[in-house]
Amino acid sequence: MRIHRKRGWELPDHAATPEHVALNRRALMAAAGAGVMLSAEAQAQWLFGRGRSSNDPWQRNPADLPDLPPAMRNPRYQPGRALTPERDPVTYNNFYEFGSNKDIWPTAQRMPTSPWTVKVDGMVEQPGEFAVDDLMKRIGLEERVYRLRCVEAWAMTVPWTGFQLSKLLEIVKPLGSAKYVRLETAQRPDSMVGLRQSWYPWPHIEGCTVEEAANELTFIVTGIYGRPLPAQNGGPFRIVFPWKYGFKSGKSLARITLTDERPKSFWETLQGNEYGFWANVNPEVPHPRWSQATERLIGTGERVPTQIFNGYGEFVASLYTNLQNERLWA
Amino acid sequence: MSDTVRPARRGAGRPAGVPWPWLDRAGRISALRIALLVALAAPAAVLLWLLAAGALGADPWKQATREAGNHAAHILLISLAVTPLRWIADWPKAATLRRMVGLAALAYALLHLVLYAGHLGWNLLAVGAEIATRIYLTLGFAVLLGLCVLGWTSTDGWQTRLGRGWKRLHRWVYLLAAAAVLHAFLQSKARADGAVVMAGCWLWLMLWRLLPGPWRARPLALLALALVAALATALVEYAWYGAATNLPAARILAANLDLAAGLRPAQGILLAGVAAALLPLLRRLTPAGA
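Top line first, the protein sequences correspond to chains S and R. Okay, so the first sequence: first residue is 6 according to my numbering, each after it adds one. Okay, so the second sequence: first residue is 580 according to my numbering, each after it adds one.
What the hints contain is simulated information worked out from the structure, not anything from laboratory work. One or more of the hints may lead you astray.
[To be verified] Using 30 Å as the maximum straight-line C-alpha spacing, the simulated BS3-like pairs for lysine-lysine come out as follows:
(1) Lys768/R to Lys107/S
(2) Lys124/S to Lys142/S
(3) Lys269/S to Lys672/R
(4) Lys184/S to Lys142/S
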């Protein structure tokens, strides 16, 4: 295993964020507080008043959000693209618990992300409930820059901090009978106003096979751009499958269950023909309503060809050699 | 039925020359028309300004495309509301504004398409292929073509040339508006609230046209209309979720009676309909002839 130790001369990633992407976050919070959330046009106004303060919206209570333990970037995973400016991943989010549009981040600030515990249960030798802070210390953190491909044909390049899911699985020791991993998002009615729309199949469920969970790419994320993961990005504890469409990467997880039954995911329940269980990225299989051949890079607006498995085929293609009868794409 | 005002004095007193939108039919500068022009142009100006300033969020061209499309559909529905407004508010002048509103809807629909092409990186082949292969885009494009025909034939000259056929041709706008609403439904993801509101407005506007003449400005009849339109909206919403999604349509229908679920589209239509029903009363309170 690679051991990473932070050296004094190493610049933490957030310190290297270009100045032009730093937000005027105070103006932004003021706008949010004033309820200027009616349209994207109104929402956008904060961008005009740059340059006074640069407090992150998710660090308003520094006492609640201790710094992440140090994490070194893992050079094994090269994105081949420039990082997306930080302001985009933290302000452009799908998270239906907080609302069905993409500007839910002000609402998401209402959810406390610390302390947070995650229950791991089901077909494991050692089930347990783990405090995220303890897990981070126990397993140790690394940073990985992954390409993120949304099913809506846009893409970002994001530095995630976290650890391989397989290391958590080593702790709980799955039984041989376990075939799937069920990922359950927390339900916090106090802050998750979307839950009031009771007709959605809450809680939000995602899932994968045990083999997919054990893959080296499958990453538990607790930080982004070197900072604690904010709620809108699935803080404080989410999963990322970089070779699948983004909706598979469940957010703000409360429970991970090993099971022999294939979980039926939130989007599979809603629209199985558009958002299936496997949802591996494939440019040749269009979404029913749009082509998946290209993707728009958030930040630059450039349109580039989409790659099969989002370019991660060398790591994951072998997972699917015996699954040709499954609807592996989308 | 609805188009009673226009034909009476077509072209009367109109000077030859450019029919600038801020001139009334007598060729005078009209404050009302200027105000309307500004109101119709403002959303596009704001949208393009925000797009140029990079202030439309992470996926600005997609956002701009969506907003222009919403504006187009809303303005198209507003153009269908001009005649009801003329009767309910007893405001004959309203009818002279209808052409400008209709042309604005066309302009926003064109802008919607241009922004969509920009969203696809100006790859016109991809734009054509998407329009040809995705049914909701084919439908939207057909609506745009229809609006182009109506816009092109909206002039005084074409009114004269087509005679009685002009009205028959321009009644297609009801169908085009319905198709635009369907386009909005088909592109929605899990939540179709915006499209349901549009459908509710369309239903109210069509049902109003079915009212017998003398009832069209009576508060009680309009109250009943508001109720019927709201019920019809709830049914359309129920039918959409039941037929096109796996969501429990019955629970969404029941949410119309639940205030904790937030303002539901049918409730919004009811409120708007009640407001419209109060307009004649308000009108009685104001001095005549404004």
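The hints, checked one at a time:
| no. | hint | verdict |
| --- | --- | --- |
| 1 | Lys768/R to Lys107/S | holds, 12 Å |
| 2 | Lys124/S to Lys142/S | holds, 17 Å |
| 3 | Lys269/S to Lys672/R | violated, 59 Å |
| 4 | Lys184/S to Lys142/S | holds, 28 Å |
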